[in-house]
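Modelling step: build the complete structure from the supplied sequences, incorporating the hints.
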Amino acid sequence: PCMDFRFSNLLGTVYRRGNVCFTEDGFQLISPVGNRVTVFDLRHDRSHTLQLEASYDIEHIALSPDNALLLAVDCKGEAHLVAMATGAAIARQKLPSRVSALAYSPDGDYFAMARDNRVHVYHGPGLERYFNQFKLYRSYYGNRDEVTSIAWSSDSKAFVCACRDLQVRVFSLHKTARLPGCYSLGGFTEDIVGVAFLPDSLNLFAVSSAGFVMLWQCDTELSDLLIKQQQQPQLTDGTGDDNDDSPSDSEDCDLKETKNEENKPELEKIFINKLRYLKPKKMRLREDAEDSKRVSAVIDCLAFCPGSKQLVCGTEDGRVMLYAVDNCALLLSLQVCDSQVDSVSISPDGLWIAAAGAAHGQLLVWDWRASAYVMRQAGSFNCLRCAAFSPDGGQLVCGYSDGRVRLWSSQSSLSFATLTEHTSCITGVRFCGKRVVIASSADGSIRAWDLGRYRNFRTLVSPTPLQLSCLDADPSGDLIAAGCLDEFHLLIWSLKTGRLLVTLTGHTAPVSCVAFRPGPGSTILASGSWDSTVRLWDVLGSDQQPEVIQCGHDVLSLAWRPDGQQLSVAINNGTILVMDAVPSGSGTDAPEFQSTRTIDCRQDLGYDKPDGALISGRRLAEAGGGFNSLSYSPTGQLLLAGGLSKHICLYSPSDQLLLRKFPVTANRSLKAVALEKRAAKLVRDLGVRAGSNAGGTEVNFEDDAVDSSDARVSVTGVSFSPAGDMFLAACTEGVLLYCSPGSRHLLPSESLVASCRRLTLRDTPQTVVESIQAGRFGDALDVALRINQPGLVRQCLEATPTSGENRNLVDLLCSQLPLDTCRDVLAPHVADWLADSNRLEHCMAWARAVARVCCLGQSNTARQRRDPCPGLTRLQRAVGDRRSQLERICSGNMHTLDYLCHLAGGLGDTKSSKAGDALQGTDDGELPAQSADLEPMETME
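Note that our numbering gives residue 715 to position 715 of the sequence shown, counting from 1, and the numbers run on in steps of one.
Do not take every clue at face value.
To be verified - Think about it this way: if two alpha-carbon atoms lie no more than 30 Å apart in a straight line, the pair counts; the simulated BS3-like pairs of lysine-lysine are: (1) Lys-157 <-> Lys-282; (2) Lys-175 <-> Lys-281; (3) Lys-309 <-> Lys-496; (4) Lys-282 <-> Lys-135; (5) Lys-175 <-> Lys-135; (6) Lys-279 <-> Lys-157; (7) Lys-157 <-> Lys-309; (8) Lys-309 <-> Lys-281; (9) Lys-309 <-> Lys-279; (10) Lys-135 <-> Lys-94; (11) Lys-309 <-> Lys-274; (12) Lys-135 <-> Lys-281; (13) Lys-274 <-> Lys-157; (14) Lys-309 <-> Lys-282; (15) Lys-157 <-> Lys-94; (16) Lys-175 <-> Lys-157.
Read the hints as simulated data drawn from the structure, not as lab findings.
Next comes the structure, spelled out in C-alpha cells:
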C-alpha cells in the first residue's frame with residue numbers, strides 16, 4: 001500500500017493574523033494562516049497552501065514585484081524566504097528582535113525591515129549565490145520609538161517610515177547631497193496607522209487612527225536625488241552584529257558634514273540645497289459623502305494603490321472605506337463584519353479590495369465597482385470538531401463548536417456553503433449519498449440538508465431532551481443512528497419518514513461512538529461506550545439482544561474495515577484492539593468478533609505536558625488516553641488514528657506495526673507544542689509574572705506569540721478519501737489534507753516521482769523549446785516531465801501532432817514512458833489540460849493514449865488488490881466533466897435552434913430532429929470526435 005503521504009493543503013481556516021497582499025496581476029491573494037501561508041487564486045476559484053511551516057504565527061509578509069519570492073516573518077523575528085513556484089523555504093534567518101514593519105522595494109533589489117526604532121535594508125535575492133541570502137545593505141537610525149509602517153518611493157531611491165513617537169521620517173536609500181540624513185515631519189496627536197509616497201514623486205501622506213490625513217508637498221523631484229558618493233557601502237552579512245545602538249560611520253543616516261567636505265568646490269556647496277517639505281495639507285476622512293462628520297471609529301489598518309491613488313481603510317467596528325487621496329472623497333463604505341478589521345489590501349488596478357478579520361477568521365474580496373463579492377471565506381480556529389468526505393471525495397463537510405456546518409471543495413479548497421440551523425456544538429457529520437448532509441448536535445437534534453438548494457428538509461428530534469454525542473448512517477443512507485450522553489441510549493431514525501424507529505438500551509455509561517457495518521443491506525450497528533464494552537446490534541432484527549464485547553477500558557472510537565470482516569477499537573489505555581470475524585457458534589449467518597491482535601500505541605501518542613501539569617508527558621500518556629478517531633483505507637491494509645496528540649499515526653493492523661507518524665503542526669504559538677523555555681524558566685526561578693519587578697530588575701519577555709485561548713493541539717477526526725489517494729485530519733488549526741503522489745489534489749509541480757532521473761545542467765526550459773522546434777517531441781516531453789512544470793508540459797502536449805502521418809505519434813510516446821511516470825506525472829497534467837482547453841480532440845488523443853498505457857501496464861496482482869490509481873481517477877473525472885459540459889452546450893444549442901427555426905416559420909421540427917439524432921447517436925462512453933461539430937459549441941460557450 002502507498003504510504004508516501006505528505007501535506008498538501010489546509011482547509012477550514014483562511015486567516016489568523018498579519019497582513020494580506022495581492023500579487024502584481026491582482027488575481028491572487030496571499031494570506032497568513034497561523035504558521036503557514038495560503039494563496040487564493042481568484043480567477044480560477046481555488047486555493048493552495050505553501051509548503052512553508054514557520055515556528056510561530058506569521059505576522060508580516062511581503063511579495064517581490066516579479067511574484068517570484070515571498071518574504072514571511074513570524075512573530076518572534078524569524079524570516080523565511082519562500083519560492084512561490086514551489087512553495088518551499090529557500091532561506092531562513094533568525095533576527096535578534098521582533099519585526100514591526102516589512103516592505104519590498106518596487107524594483108525588487110531591496111527590502112526593508114523595521115526592528116524597534118531602526119530600519120534595516122537588505123539586498124533582494126538575485127542570481128548571485130551567497131551562503132546567506134539575507135545580505136544587509138545598510139541600517140538607518142533616527143527614530144525615537146518603534147516603527148509601525150514603511151513605504152518606498154516609486155523609483156526605490158527613498159523610503160518613509162511612521163513611528164510611534166508621532167513622527168514621519170524620510171530616508172534616502174543611498175547617501176545623497178539633498179538628503180544626507182533623515183527628514184522628520186510631524187503634526188499628529190494620535191497614532192499614525194500608515195504612510196505612503198504618491199506615485200512618481202516625493203510627495204507623501206500619512207493617516208492617523210482618528211481619521212486625519214496629512215499631505216506634504218516636496219520641492220525636489222525624484223531625479224534630483226543624486227548619489228553623493230560613487231563608492232557603495234560595503235556589503236555586510238545579515239548575520240553580523242546589527243544590534244549595536246552606536247551606529248558606525250558607514251551606517252548612520254544622521255551623519256553631519258565632515259571635514260572632508262571642506263575640500264569640495266565652493267560652487268557645489270552653493271547650488272546643492274537639501275530638499276524641503278512645504279506646510280502640510282490637513283484633511284479628514286468622513287463617514288458619509290454627504291455628511292461633514294469625520295470617522296468616529298478607530299482606523300486600524302490601511303492600504304494605498306499608487307496606480308489609482310486610492311486609499312482603503314479598515315476600522316475597529318468592522319467597516320471598510322475607500323477614499324480618493326487627493327481630496328479624501330468617500331468612494332465606498334462597506335460593513336464586512338461586526339468585529340475589528342485587522343488587515344486590508346487593494347489590487348494594483350484599484351478594483352478589488354481584500355479585508356481580513358482575526359476575530360471570526362474572515363477573509364473577503366470585494367469588487368467595489370460591481371458591488372459584488374469576488375470571494376468570501378470564513379473559518380474558525382480551535383473550534384473544529386468533526387469532518388467527513390463525500391462519497392466521490394470531491395467535497396468535505398466540517399462541524400464546528402459554534403453550531404455551524406461548512407461545506408468545502410477538496411479540489412478548490414474553498415468553502416461554498418455554511419449551514420447555521422443548529423444552536424449548539426456539532427458532534428458528528430456525515431454524507432448520505434451525494435446530495436444529502438446530516439449533522440448531530442448537542443442541542444439534541446439531527447438535521448439533514450439538501451445540497452441542491454441548501455435547505456434543512458428534515459429534523460430528527462429525540463422524544464426527551466438529550467445531548468447527542470455521535471452519529472452514523474447505514475450504507476443505504478436511510479437509517480440514522482446516534483448515541484446519547486445523558487441516558488446512554490442509542491436512537492435509530494428513518495431519514496425518509498423522519499420517524500424514530502427504535503431506542504436501544506443496554507449501555508451503562510455515555511455512548512462515545514457508533515458505526516454501521518459496511519456492506520449492501522447491512523443493519524449491524526457497533527456502539528462503543530465508556531462502560532468498557534462494544535455492543536453489536538441488529539437494529540432491524542427481531543432479537544434486540546446485542547453481542548457484548550468486553551474491552552477492559554473506556555472505548556473512545558471504533559472503525560470497520562471496508563469489507564466488514566474486521567473491527568478496530570481504540571480504548572482509553574492507549575491501545576487499539578483488532579477484532580476479526582469468526583463463524584458464529586449458534587449456527588446463524590451473523591459472524592462473531594473476537595479480539596485477535598492488540599496494537600500498543602502509548603509510545604506513539606506523543607503527549608505534550610500541559611501548562612501547569614506536575615507530571616511529564618510520558619507519565620500522562622501511561623496514566624490514560626488514546627485515539628478518539630480511527631479510519632481504514634479503502635483497501636483495508638492501513639489504519640489511520642488521531643487523538644489528543646500532536647501526531648497522526650498510520651498503522652498496519654495485520655502486522656501490528658506503526659508505519660508512519662505525521663506531525664500535526666510545529667507552531668510554537670500553541671501552548672501544547674512548546675512554551676518559551678527561557679520565559680518559563682524566569683517565571684519559575686523568580687516566582688513573578690512577566691512585566692513585574694523583582695528586586696529592582698524588570699522581568700520582561702514577549703509572550704504575545706502564545707495564543708490567548710490556551711489552545712492545545714488535538715486531532716478530533718481522521719478519514720480516508722474513497723479513492724485512498726488522500727486523507728484528512730480535523731485538528732486545532734483546521735482540516736489538514738495529506739495526499740499521495742499523483743493525487744488530483746496535489747499540484748503537478750509538487751509531485752514526487754521516484755522513477756524520474758535527476759536533472760542535469762542541460763535540462764532547461766530552453767532545451768524543451770529547441771527540441772519542439774526541431775521536431776524531437778519525444779526528447780522535449782522527456783525533459784519537460786523531469787522539470788515537471790505545468791506550463792512546459794502543456795506546451796509539449798499542444799505541439800505534438802495527432803493527425804495525418806503522425807496520428808500514432810502520441811501512442812508511441814506514451815508507450816515509451818515508464819509506467820510510473822505515465823500514471824503519476826503525465827496523467828495529472830493531461831487531466832488539468834483537458835479541464836480548461838478548447839482543443840478537445842487533441843486532448844482526447846492524449847487521454848486515450850495515457851489510459852491505454854496505464855491499463856495495459858497494470859499487473860494482475862495490482863488489479864486483484866484493487867489499488868486505487870489517482871492519476872487515472874483524476875483523468876476520468878476530467879473527461880466526465882467535459883462530457884457533461886458538452887451535453888449542456890448541445891442541449892442549449894438544440895433549444896436555440898428550435899426557437900430560431902420557429903421564428904423562421906415551420907422549419908423547427910426538421911432542424912431539431914436532426915440535431916437530436918446527432919446527439920443521441922453519440923455513445924455514452926465517448927465524446928464527439930469531429931472537430932467541425934465542436935467549433936460552434938466552443939464559440940457558444
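30 Å limit on alpha-carbon distance, applied to hinted pair Lys-135 and Lys-281: violated, 39 Å
Restraint check for Lys-309 with Lys-274, where alpha carbons must lie at most 30 Å apart: Satisfied, since the Cα-Cα distance of roughly 27 Å is no more than 30 Å.
Given pair status - Lys-279, Lys-309, alpha carbons within 30 Å: holds, 21 Å
Holds or violated: Lys-175 to Lys-135, with C-alpha atoms at most 30 Å apart: holds, 19 Å
Satisfaction of hint between Lys-94 and Lys-157, Cα-Cα up to 30 Å: Roughly 27 Å between the alpha carbons, so the hint for Lys-157 and Lys-94 holds.
Hint consistency between Lys-309 and Lys-496 [alpha-carbon to alpha-carbon, up to 30 Å]: violated, 59 Å
Given pair status - Lys-94, Lys-135, alpha carbons within 30 Å: Distance of about 13 Å is within 30 Å: holds.
Satisfaction of hint between Lys-309 and Lys-157, Cα-Cα up to 30 Å: holds, 20 Å
30 Å Cα cutoff - pair Lys-282, Lys-135: Status violated; Cα separation ~39 Å.
Proposed proximity, Lys-157 with Lys-279 (alpha carbon, max 30 Å): holds, 23 Å
Pair hint outcome, Lys-274 versus Lys-157 [Cα-Cα no greater than 30 Å]: Roughly 15 Å separates the two Cα atoms, so the pair holds.
Proposed proximity, Lys-157 with Lys-175 (alpha carbon, max 30 Å): holds, 10 Å
Figure legend: structure checked against the earlier numbered hints; hints not met, in rising order: 3, 4 and 12.
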